[in-house]
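Trainee: Chain by chain, the residues:
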Amino acid sequence: MNAVHAVAGSSTALDVASIRCDFPVLERTLRGLPLSYLDNAASSQRPRAVIDAMSRYYETSHANVHRGVHTLSQEATDLFEGAREKVRRFINAKSTKEIIFVRGTTEAINLVAQSYGRPTFGPGDEILISWLEHHANIVPWQMLCQQTGATLKVAPITQSGEVDFDAFAALLSPRTKLVALAHVSNALGTVIPVRRFVASARTRGVPVLLDGAQAVPHMPVDVQALECDFYAFSGHKMCGPTGIGVLYGRESLLSAMPPWQGGGDMILAVSFEKTVYNGLPYKFEAGTPDIAGAIGLGAAIDYLETLGMERIAAAEQALLAYATEQLATVPGLRFVGTAAEKAAVVSFTIDRVHPHDLGTILDHEGVAIRTGHHCAMPVMDFFGLPATARASFAFYNTRAEIDRLVAALHTAREMLG
Amino acid sequence: MDLKDLYRDIIVDHNRHPRNFREIPDADCRADGFNPLCGDKLTVFVKLDGGRISDVSFNGSGCAISIASASLLTESVKGRTVPEAEVLFSQMHQLLTRDDVDIDVTSLGKLGALSGVREFPARVKCASLCWHTLDAALHQQQQVSTE
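Protein chains in written order, with this note's numbering: chain A, 252 to 668; chain B, 10 to 156.
This is chain A alone, in the form it adopts within the complex:
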């Protein structure tokens, strides 16, 4: 299994040079330059342990799960359910019944909208979100509103990119049927102090969904401590595969919800007169699941736990501090999102150089960043910007890569500024 990548003599810091050897793609060069991958908020890279776990599964143990009595089916089922237990432990859910495998955060939120919201919400009911949500935590609620006649309410944000708690609390009312909030903003990096928001909603009896896509990869997450009702996240942002994600749901809520999709695996008995649905979590997992994806996600969790989420968070915060300090030296650079508490995401603009041009020029220097609206157009509108450039760091990034980012920004200014 993975070696423990601690620097000798230090119980806290990670040995980044050693960690980088775990990620095959980081050996890549682009036009003769080493790759500086600073687009981790869009999708992280995979360690060899994840790739190998998936390959090994396909090479030795693949069969369908929950079906056969033969050896391979049993092995595949054990690996798949073993991954579910790893997820449960990783986010400290009470039971694996509360861990639903989905395609990703987007599907998790759609599941809650359609299975929790659609049967019971109606005209006059309200869903409360914030201004800095990703489109995945806006559009499913808009669709639900169209279907049920419910109304979408949006808590405003401040100039620093933080959700205005007082305004949020003022929008909570007896009509509020659900709160859906980002745990960490993908566009700005803001860490929302969600416990305060959750407590405020729950004292009024309003359930809360947290979009944890940008939180789970970067900090320890404990769904019981957060006291949220639903928590959604994706594998591919936490060194796992694409196509797999998780919906955590409080068992009492999931039990009362009808199935979302119908098909195999989510049933106990089917006749033309009547179908008896399977129990949790299978009730929400119709059809053959992404078995290899779940196994890969389990391997990613093993990898992250070997490093330690606390140490990952510390390493990324050090990178954020260094990047913020270095970027501040670039003339004409304006930070977008300056919350006191942030994940390792820096969104910015540069005078007279459009983010899209920055993206191309940086790519030419081997530096991969995201440019555009980051699937959060309302955030861009709030700041009056068509787009920003966004560098987002993972624990395998280095100060040298940040130096290359800064040097490339100087090049861009010289070319176009």
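Worth flagging that the hints you see were computed from the coordinates, not collected in a lab.
It should be emphasised that the depicted structure is a prediction, and the values quoted were computed from it without experimental measurement.
Glycine included, each C-beta is placed from N, C-alpha and C at the ideal position.
Treat the hints loosely; a few may be bogus.
These stretches of chain B come out as covered by chain A in the derived footprint (C-beta under 8 Å, 3 or more residues) [as the list claims (entries may be wrong)]:
(1) 46-56
(2) 126-136
Reference listing, derived: stretches of chain B covered by chain A, where coverage requires no fewer than 3 residues with Cβ under 8 Å from a Cβ of chain A [stated by the list, open to error]:
(3) 26-35
(4) 103-114
Starting from the structure of chain A, add chain B where the hints point.
Mentor: For chain B alone, coordinates are given in the frame of chain A:
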């Protein structure tokens, strides 16, 4: 593939100092162009005199490639007939997207400066946005005139 093939001096100049960057209040036709991927937004204004484009302008926001391309567009279609502008649109489309077709770049004048965009597939839409917007403006006019 060199960045200088994309950001040629003429492109940089037209981005810094876009030509005909203004609204034509009494335009005969206009259209809005939007590239949701990068947030580029352009409006193209056309003034017609008979079948000829007597004035053309644009405003909006976008990257260097989209602004320079729009600026070059206004310079190159002003004074042309509508069919001539459409031929130019089709030639530009080929210049930006087809590496299997020989385009006489010199016949395109300054527009030839955009030939490097072809090597940067992610940026082709930036350069072509203004042309699609002009095309929409001219067709809108044709639809109006045929009713």
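Trainee: Next, verify each hint and record whether it holds.
Mentor: Against the structure, the hints come out as follows:
1. 46-56: Check passed, 5 qualifying residues.
2. 126-136: holds (count 4)
3. 26-35: n = 0 at 8 Å, threshold three: violated.
4. 103-114: n = 0 at 8 Å, threshold three: violated.
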